[in-house]
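Protein chains: 2
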Amino acid sequence: MTNTLEATTQIITSNELLDHWIGHRRLTRRTIEAFPEKELFTYSVGGMRPFAEMVLECVAMTIPGIIGVKTGEWNTVDELMHHSRKGTPTTKEELLNLVDEVTEQMTELWTEIPEERFREKDRAFGQWEGTNYWFVLYWIDNEIHHRAQAFVYLRSLGIQPPFFWER
Amino acid sequence: MTNTLEATTQIITSNELLDHWIGHRRLTRRTIEAFPEKELFTYSVGGMRPFAEMVLECVAMTIPGIIGVKTGEWNTVDELMHHSRKGTPTTKEELLNLVDEVTEQMTELWTEIPEERFREKDRAFGQWEGTNYWFVLYWIDNEIHHRAQAFVYLRSLGIQPPFFWER
Numbered sequence: 010m011t012n013t014l015e016a017t018t019q020i021i022t023s024n025e026l027l028d029h030w031i032g033h034r035r036l037t038r039r040t041i042e043a044f045p046e047k048e049l050f051t052y053s054v055g056g057m058r059p060f061a062e063m064v065l066e067c068v069a070m071t072i073p074g075i076i077g078v079k080t081g082e083w084n085t086v087d088e089l090m091h092h093s094r095k096g097t098p099t100t101k102e103e104l105l106n107l108v109d110e111v112t113e114q115m116t117e118l119w120t121e122i123p124e125e126r127f128r129e130k131d132r133a134f135g136q137w138e139g140t141n142y143w144f145v146l147y148w149i150d151n152e153i154h155h156r157a158q159a160f161v162y163l164r165s166l167g168i169q170p171p172f173f174w175e176r
Numbered sequence: 010m011t012n013t014l015e016a017t018t019q020i021i022t023s024n025e026l027l028d029h030w031i032g033h034r035r036l037t038r039r040t041i042e043a044f045p046e047k048e049l050f051t052y053s054v055g056g057m058r059p060f061a062e063m064v065l066e067c068v069a070m071t072i073p074g075i076i077g078v079k080t081g082e083w084n085t086v087d088e089l090m091h092h093s094r095k096g097t098p099t100t101k102e103e104l105l106n107l108v109d110e111v112t113e114q115m116t117e118l119w120t121e122i123p124e125e126r127f128r129e130k131d132r133a134f135g136q137w138e139g140t141n142y143w144f145v146l147y148w149i150d151n152e153i154h155h156r157a158q159a160f161v162y163l164r165s166l167g168i169q170p171p172f173f174w175e176r
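So the protein sequences, as listed, match chains G and B.
In this note's numbering, each number is its position in the first sequence, counted from 1, plus 9.
In this note's numbering, each number is its position in the second sequence, counted from 1, plus 9.
Calculated directly from the structure, the hints in this document are not laboratory data.
Take the hints with a grain of salt, since some may be wrong.
Calculated Cβ distances over 12 Å to all of chain B for the following chain G residues [to be verified]:
no. : residue
1   : LYS101
2   : GLU110
3   : GLY135
Listed next, the stretches of chain G that the computed footprint assigns to chain B, with coverage defined by at least 3 CB atoms under 8 Å from CB atoms of chain B [said to hold, decoys possible]:
no. : segment
4   : 41-47
5   : 161-175
All C-beta atoms in this analysis are idealised placements derived from N, C-alpha and C, irrespective of residue type, glycine included.
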């Protein structure tokens with residue numbers, strides 16, 4: 010234990026965390042693009058959801074999530090589920106447009122988050138207790154998780170997925 | 010832009026980043042446990058690798074990666090690939106034991122990383138340029154990515170994967 014005292018030093022800035030998320034969002038976008046239009050909304054392995062539905066889950070959480078981190082005011086999970094069913098995209102182009110809109114909004118909203126909020130405890134969507142930075146990591150991880158499942162869908166369709174390391 | 014100045018505040022500590030990784034490692038462990046022994050080493054969808062091979066990739070990077078972050082001395086990718094073929098586990102129990110050993114080692118080594126190293130630029134495994142905290146995020150993301158693919162394998166085998174949110 011050579012550096013017990015320094016172990017509370019913070020090592021990642023909020024801007025870096027946003028960049029990390031946006032990099033993953035770009036990869037998610039390329040993954041959507043790799044799908045044939047029909048399979049994006051219908052193809053499944055092992056009874057799981059089509060990739061378009063997984064993307065909608067991730068995208069539907071982004072803005073209400075960031076607003077929660079910013080303000081401490083959270084939609085409930087029910088409101089979130091309701092929100093995510095409104096104006097659901099039915100084509101690849103509509104889905105890509107939604108992803109782009111949300112990405113633009115998240116970047117704007119992020120700059121308005123008071124920095125101290127990231128280290129505050131809260132109850133995300135009125136349900137999950139934790140620290141705000143951790144909720145953000147969770148949403149990023151959730152996006153990585155579902156997109157990785159889409160990589161398997163693509164491979165089983167004989168399509169080369171985008172490169173994981175390219176952001 | 011209400012808080013341009015504060016945007017360089019760090020929001021995640023090195024201990025929290027380790028906890029985040031270890032939480033994911035526990036979920037990876039539960040995912041291994043969910044597989045039947047044979048399928049862990051042989052089952053594949055879309056011509057991808059069996060999950061045991063993906064786990065070995067993740068686990069093989071962990072210790073050399075943390076040593077690189079700690080010391081600035083990196084194995085090359087060739088050495089890494091060689092290392093990952095040494096004493097390869099052939100049973101579920103051996104794989105779980107390897108995961109446990111590596112998790113214990115990583116926790117010990119982590120406390121020896123000088124905190125300033127996380128913000129320094131380096132060339133991971135002699136090949137990828139970046140900042141050390143970002144390499145760590147990459148290794149965690151890579152583990153999430155491959156484990157998510159194993160979730161599809163499990164579903165297509167008719168097996169319920171562990172809960173993603175449980176760490």
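Going down the list of hints, with the structure as the test:
Here G:LYS101 stays apart from chain B, with its beta-carbon at least about 21 Å from theirs, past the 12 Å limit. At the 12 Å boundary, the C-beta of G:GLU110 stays outside the reach of chain B, the nearest C-beta of that chain being 21 Å off. For G:GLY135, the requirement that its beta carbon stay farther than 12 Å from each beta carbon of chain B is met, with the minimum near 16 Å. Here the segment 41-47 of chain G counts 0 residues with a CB under 8 Å from a CB of chain B, which misses the bar of 3, and the coverage is violated.
As drawn, the segment 161-175 of chain G meets chain B at 9 residues by the rule of a beta-carbon pair under 8 Å; at three or more, the given contact holds.
Consistency with the previously given hints fails for number 4 only.
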